[in-house]
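**Student:** Sequence:
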Amino acid sequence: MTGQSGPTRILRKNIGDLSIPQEIAESLCSYGGLDGLSSSLPSDALLRQMRDWYQACADPVRLKILCLLVVHPLCVCVIKALTGIADSKLSYHLGILKKNGLVGSEQQGNYIIYRLTPAGRTFLEQELERCAAFPGGEGAGPG
Numbered sequence: 001m002t003g004q005s006g007p008t009r010i011l012r013k014n015i016g017d018l019s020i021p022q023e024i025a026e027s028l029c030s031y032g033g034l035d036g037l038s039s040s041l042p043s044d045a046l047l048r049q050m051r052d053w054y055q056a057c058a059d060p061v062r063l064k065i066l067c068l069l070v071v072h073p074l075c076v077c078v079i080k081a082l083t084g085i086a087d088s089k090l091s092y093h094l095g096i097l098k099k100n101g102l103v104g105s106e107q108q109g110n111y112i113i114y115r116l117t118p119a120g121r122t123f124l125e126q127e128l129e130r131c132a133a134f135p136g137g138e139g140a141g142p143g
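Numbering (full-length UniProt numbering), first residue to last: 1 to 143.
Just so you know, these hints were derived from the structure itself, not from any lab.
Predicted model, so just to flag it, every value in this text is computed and none were measured.
It is possible that some hints are incorrect.
Only pairs whose alpha carbons sit at most 16 Å apart, straight line, appear in this in silico EDC-like list of lysine to aspartate or glutamate [as the list claims (entries may be wrong)]:
#1 Lys98 x Asp59
#2 Lys64 x Glu127
#3 Lys64 x Glu125
#4 Lys98 x Asp52
#5 Lys99 x Glu125
#6 Lys99 x Glu129
#7 Lys89 x Asp59
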């Protein structure tokens, strides 16, 4: 005898056309089955919006801009000084953030002032909080 036991037996249960492990089936029942679980999903429109926000945040420069704007609305010249990138690249990154509804801008004399939109602020603050909860997360917000 080699000390090995046979394969673990998994109890299965049928739900509709699916044959799934009994433990999962029982857990699904607490959510109202497949229909209940499905109805708890965000709408397709919200999932697309989330995808767009994550794509907009997928660049470290854009993340840095968002972290600056979470502190205070800023003019382009301050954002440029703090990020150290060329005007054309800064314009590109700000355009992506604006197109995806994370930032807004307003003209004040010769200056364009950028600020987080309410949706952008909520999204960024939640993501910073979520990241701070991971090991190695700084927990102190931007920076």
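**Student:** Evaluate each hint against the coordinates.
**Tutor:** How the hints compare with the structure:
A threshold of 16 Å between alpha carbons decides the hint, and for Lys98 with Asp59 the separation of about 14 Å falls inside it, so the pair holds. Annotation: proposed proximity of Lys64 to Glu127 holds, straight-line Cα distance about 13 Å (limit 16 Å). The suggested pairing of Lys64 with Glu125 holds, with an alpha-carbon distance near 13 Å, which does not exceed 16 Å. Our distance criterion of 16 Å between C-alpha atoms is met by Lys98 and Asp52, whose separation comes to about 12 Å.
Annotation: proposed proximity of Lys99 to Glu125 is violated, straight-line Cα distance about 19 Å (limit 16 Å). Of the pairs offered as hints, the one joining Lys99 and Glu129 is violated, with about 24 Å between alpha carbons and a cut-off of 16 Å exceeded. As the CA atoms of Lys89 and Asp59 are separated by approximately 12 Å, the hinted pair is consistent with the 16 Å bound.
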